[in-house]
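There are 4 protein chains.
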Amino acid sequence: MRASVHRLGMAHPGDLSQLAALFDAGTLDPRHVCAVIGKTEGNGGVNDFTRGYFTLAFSALLAERSGRPRAEILDSVPCVLSGGTEGVLSPHYLVFAREAVEVAPVTGQKRLAIGVAFSPAMPPEQVGCRAHVDLVVAAVQQAMADAGIDDPADVHFVQVKAPCVTAARAQEAAARGAAVLTAESGRSMAYARVAGAFGVALALGDAPAARLTEDAMFRDYDLQSDRASISSGVEVACNEVILLGNSAGWSGDLAIAHRPMADALDIGGVSAVLGDLGLAAAPQLSAADAARIHGVLVKCEPDRRGALRGNRHTMLDDTDINAQRHIRGAVGGLVAGIIGDGRIFVSGGAEHQGPDGGGLIAVIARV
Amino acid sequence: MRASVHRLGMAHPGDLSQLAALFDAGTLDPRHVCAVIGKTEGNGGVNDFTRGYFTLAFSALLAERSGRPRAEILDSVPCVLSGGTEGVLSPHYLVFAREAVEVAPVTGQKRLAIGVAFSPAMPPEQVGCRAHVDLVVAAVQQAMADAGIDDPADVHFVQVKAPCVTAARAQEAAARGAAVLTAESGRSMAYARVAGAFGVALALGDAPAARLTEDAMFRDYDLQSDRASISSGVEVACNEVILLGNSAGWSGDLAIAHRPMADALDIGGVSAVLGDLGLAAAPQLSAADAARIHGVLVKCEPDRRGALRGNRHTMLDDTDINAQRHIRGAVGGLVAGIIGDGRIFVSGGAEHQGPDGGGLIAVIARV
Amino acid sequence: MRASVHRLGMAHPGDLSQLAALFDAGTLDPRHVCAVIGKTEGNGGVNDFTRGYFTLAFSALLAERSGRPRAEILDSVPCVLSGGTEGVLSPHYLVFAREAVEVAPVTGQKRLAIGVAFSPAMPPEQVGCRAHVDLVVAAVQQAMADAGIDDPADVHFVQVKAPCVTAARAQEAAARGAAVLTAESGRSMAYARVAGAFGVALALGDAPAARLTEDAMFRDYDLQSDRASISSGVEVACNEVILLGNSAGWSGDLAIAHRPMADALDIGGVSAVLGDLGLAAAPQLSAADAARIHGVLVKCEPDRRGALRGNRHTMLDDTDINAQRHIRGAVGGLVAGIIGDGRIFVSGGAEHQGPDGGGLIAVIARV
Amino acid sequence: MRASVHRLGMAHPGDLSQLAALFDAGTLDPRHVCAVIGKTEGNGGVNDFTRGYFTLAFSALLAERSGRPRAEILDSVPCVLSGGTEGVLSPHYLVFAREAVEVAPVTGQKRLAIGVAFSPAMPPEQVGCRAHVDLVVAAVQQAMADAGIDDPADVHFVQVKAPCVTAARAQEAAARGAAVLTAESGRSMAYARVAGAFGVALALGDAPAARLTEDAMFRDYDLQSDRASISSGVEVACNEVILLGNSAGWSGDLAIAHRPMADALDIGGVSAVLGDLGLAAAPQLSAADAARIHGVLVKCEPDRRGALRGNRHTMLDDTDINAQRHIRGAVGGLVAGIIGDGRIFVSGGAEHQGPDGGGLIAVIARV
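Residue numbers (this note's numbering), protein chains in the order written: chain A, 7 to 373; chain B, 7 to 373; chain C, 7 to 373; chain D, 7 to 373.
To be clear, the hints were calculated from the coordinates, so they are not data collected in a lab.
It cannot be assumed that every hint is accurate.
What the hints assert, rightly or not - Some chain A residues close to chain B (C-beta under 7 Å, calculated; not the full set):
1) T91
2) E92
3) A270
4) I273
5) P289
6) S292
7) L314
8) R318
9) H332
10) A336
11) G339
12) A342
13) G343
14) G346
For each residue, glycine too, the CB sits at the ideal point set by N, CA and C.
Looking at chain A on its own, in the form it has when it is part of the complex (with noise of 0.2 Å):
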């Protein structure tokens, strides 16, 4: 197999004439595109409709090219986007393809590897409790499997989309009996990535599996995964996972590493994960260098104590800009600044997703 990332710019959300033109020129063939990340335009809230505009744009491109009907495209072909590009953040969307391919990987040398998977349908009543943590898991080990990973230390990223209970999945679980854990969106949505976090933690054994109890969520922020990026919404009833790592069994010239980052202003953990795939910025990448990158993807969190090193942040009491937009402007600030590059996936909401107050990076580069 070899896998290939294409990283597109759009004019507006619902511009995918960067992708058709990748099509038209053969570039790429539709049938082998197989998840999609991207960094729309919207506010990153549950009234961001940029991401549903992305989506049926894209879903209906990619079913008049491949002759696949718009549906199955929606449930085979997991579509994963964060609105927000505050500050210098660059609207962009990252394209994985994969294919089989007759030339036979290089001995020890592993090659970047996607898998994907989509968890059954999941009750409301399930969201963030011990059964979507269970969800997960499976859906993360079919997902290893679907990208031929054996070793969990060969994982570098597991981006999930999880359901959220709304007001009318409330009702219909009351109806039938069952109670939610809350029916206020924003609330279920944190629950939400808390359990994918757990999920993806038991999975790949990042935490310790007798401690990753619903009594821990959102209490022992030391239990975390620094492999897993979780985002919730209401536009999916299962669990969606695209899982990214490195393989001998694939070709190709792309490899991902990862790092946790500590804190917003962690620097550090940028450069380390840069040295990682052979990559130095002094203080920023040579433009040879930046031209290598196809992909970088960044979890962040405004800490939720209020300061940052000692000093007060504001972004938790701003009535006028949500937290998330807070962060992510920030955050996307330093790692474009290292790289050179305002095309950086930032998305916030990173509860047990690295180190408490901080987040994860993780990129991907030609070797």
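Keeping the supplied structure of chain A fixed, place chains B, C and D upon it in accordance with the hints.
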């Protein structure tokens, strides 16, 4: 003379308790305070009242402790505040003080020198015009004299706070038969910033005098001063100047350096200014080195061409978040990450202040 | 001819399920749909993508159900959306349809008539100029003909969607040696709205032709049409017109009326337009009377002098919330309260559309 | 006793010039000022510093003019501010004054009576609990006595400003072994508002005492007082009460009335309260009648079920604009339109204060 700079935090824009504590402890004599530059947690726009709130609380405290009338303080101690602590930025203010000391300066060692000046009150019809530029030139020269600096090369940062036109002032001018450039406050502030930048450039010789004409404003962006930091507001009626440089005539242990920033991703400019002060970020300052820093002053701007190194940014078309808030958060995140501290003064509106699309950075540190 | 207007709700900007249901039930023939005016839940600014999202979903649905190509639908069925459902406003859209019927109109009874028109594509250098005004005049006349209305007095509401200048379009013009009035999108939209308003005023005789010159734009605010509702956006290349009036040549049970609103507090204008249709609010419409209403269309504006009946308002100086969002929420709250229904189309940017500082209201109801 | 109410405008949150002018002119004796309720132009959220700015400027002015220490004023003159002048709302404040007069009240005529009270300081662990309710009951009773009102039916509006929990207060409580209901400021404010509403309802007999239990909070929304207006903030340590009613023991020419508002579209409630005072809006008050009004006080709430009379609203899911800002703008637009004046005090957060999804209105007018 000896200069000192105290960097103080605040719990809210009216909280001067850390300054009061310095007075209480005898660490700082209220009579030595000569200027304040601060970052309050407002939105940085026309309706940002955190600046007025701070100024009221500061002037009341200084009046009480120094025995000088509040009005006299407002007319002699420049208090320049920039609203907006986006992302990791921490609300804080720099208190500049100076005192005559008997210690002779060490030969060959230039140390931080501080000068202040107030232009005469300026009628609204002069805002943004040549007459405005001339007033700033004179005030900068006066501040240089106040700081005891002869050579413009020894000046590293000039903060100007310039008046703007308001609807009321425009009407007053019209009643006298005078016409203002614009009666729109926001637009008028931009005019005032450019006139201020041209004034600093002229006074310091940063651009050819013959080219610094009214026609060149908002047009020839290569005409700029990377030592000019201009803000404008309804709260002043004259041009207030705080000038910072190094001088052999001053003792103490502080020095200042500055560098241009080519764009919002110019991490190299940040490294360079730290290097000028003997500080090395690799990739972040050590805690010991960070503790040597007494103030970081940054000016920046969302690139008005809508792209950054070829990638589209969305700051200028965002109806939800003002463009200046975006850029402050991003550049603040970058600089804070390198230094390891969120107490960075970052101000937007950098027309002709540093390179087009970029800005400048100045750092005060113990040597 | 017979006109119908369906007022439909949506769960999100891509939700056309209520329209699909009308098609499914045979209540509405897709081939009869001639125009859409809708209110989506975006911010109403440059970066409001809810309009594009709705348009994509709408045109895809209509293409599928009518068998016409999507491109043809976009070029023949005007779809005018205003973003922003501030306060009590409810996301909804009006589907206008017309069909030839054999029933002869009742003598002496004028009923709702609908006409649409598209001007030729307009080069960017014409935006906001006299040539723009002339194109709108011709399009309005064409729409009157399309509606079968001879007497301008029978026209009650003209919705125009006009192109604006973008950076790309300005560069294209410059390459041809042509100059645009402004390359700034937001400013260009205002120019386009004023040209549209002047065009409608000329076509309908709402102001003296001799005074409707370029010089009068943004200046002589007594020149206005209280039947003109103009929006502008990057998404169109020509001027699209939806014209609504009453005609003896149309049958059906709907009629339309309109009134100016003197300012944002002009509850009298709202009462008057309801009275024109035989509806009395005392102080609110009865449920039965409210059910007779098929559409409410409002245009309004924050008073540019910064005060309302002598009391200062803060809409124009708010860096957190755009002024148009403020005024839509306030006027929407007033109109919705009188009618008892939040499905009100309220659009800002009312320069020369109704009295200065006010706007207009049109209501479609069963008679 | 005789009560007076001065409604004053402000150019910014620190502008007390109109009050100073009343003092200068001898129109108002500083020693008679007993309370202030005002609407400042902040965002109304946790980071709204316009309230603190106004309070600092007000207390400094009153201290200077009355000769009383600022601390004493803060502890005896309640100053309750609500941030947010969305839409047509105009920044203003009501200065309540009372003085002993020799004129005997006219028999049979009840006139505006004002009472104030401060509960003892309340520890954070009591916020939102039964103990909090009891403190409010006692303070309301004390304010009734202060106003000389015996019959709860004569009370028309009770403004309570209650403390909330902050992170620091929660830690202080924890250090004493006490537990707070929540350490999250926003959530704690809601608890405090509900405790305040229950306290007023108990004190005035607006709901059965047996049902006003902790379990009923946020649940049994039919338990409410349409005379309770509660706000909560970090700036107070005890419960401050301003009670307004009519009393035969007071002279003067002012009276107050109140009505519930069933929902945000309840124009009928507004008409009714005006009718109670002999004022008729048809559809708007005449200028002469509007001039009789000295204050309008409104409490409202975005319907937490996400719909208003069957139509979806978007206030609760908006990440860009806080829901309270939305509802204030809409209800403010409605009430201002009926009265013809933007000087309306509108405050959000109306849990158990008036009908669920609605709120209340009180009007003070000359009779």
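Against the structure, the hints come out as follows:
With 7 Å as the threshold, the beta carbon of T91 (chain A) comes within range of chain B, its nearest partner Cβ sitting at about 5 Å, so the hint holds. Here the hint on E92 (chain A) is kept, as its CB sits about 6 Å from the closest CB of chain B, short of 7 Å. Annotation: interface hint on A270 (chain A) holds; nearest CB of chain B at approximately 5 Å, less than 7 Å. At its closest, the beta carbon of I273 (chain A) sits 4 Å from a beta carbon of chain B; the interface hint therefore holds under the 7 Å criterion.
With its C-beta approaching chain B no nearer than about 5 Å, P289 (chain A) sits inside the 7 Å limit, and its interface hint holds. Hint on S292 (chain A) is violated. Least Cβ distance to chain B is approximately 12 Å, over the 7 Å limit. Using the Cβ-Cβ criterion of 7 Å, the hint placing L314 (chain A) at the interface with chain B is satisfied: the shortest such distance is roughly 5 Å. At a threshold of 7 Å, the smallest CB-CB gap from R318 (chain A) to chain B is about 6 Å, leaving the interface hint in force.
Against a cut-off of 7 Å between C-beta atoms, the interface hint on H332 (chain A) holds, since the closest Cβ of chain B lies about 5 Å away. Here the hint on A336 (chain A) is kept, as its CB sits about 3 Å from the closest CB of chain B, short of 7 Å. Among the interface hints, the one on G339 (chain A) holds; its C-beta lies about 3 Å from the nearest C-beta in chain B, closer than the 7 Å criterion. Satisfaction of the interface hint for A342 (chain A) is found here, the shortest Cβ-Cβ separation to chain B being roughly 6 Å, below the 7 Å cut-off.
Restraint check, G343 (chain A) versus chain B: the minimum CB separation of about 4 Å is within 7 Å; hint holds. Proximity of G346 (chain A) to chain B holds as hinted, the smallest CB-CB distance being about 6 Å (cut-off 7 Å).
The structure is inconsistent with hint 6 alone, although it conforms to all the rest.
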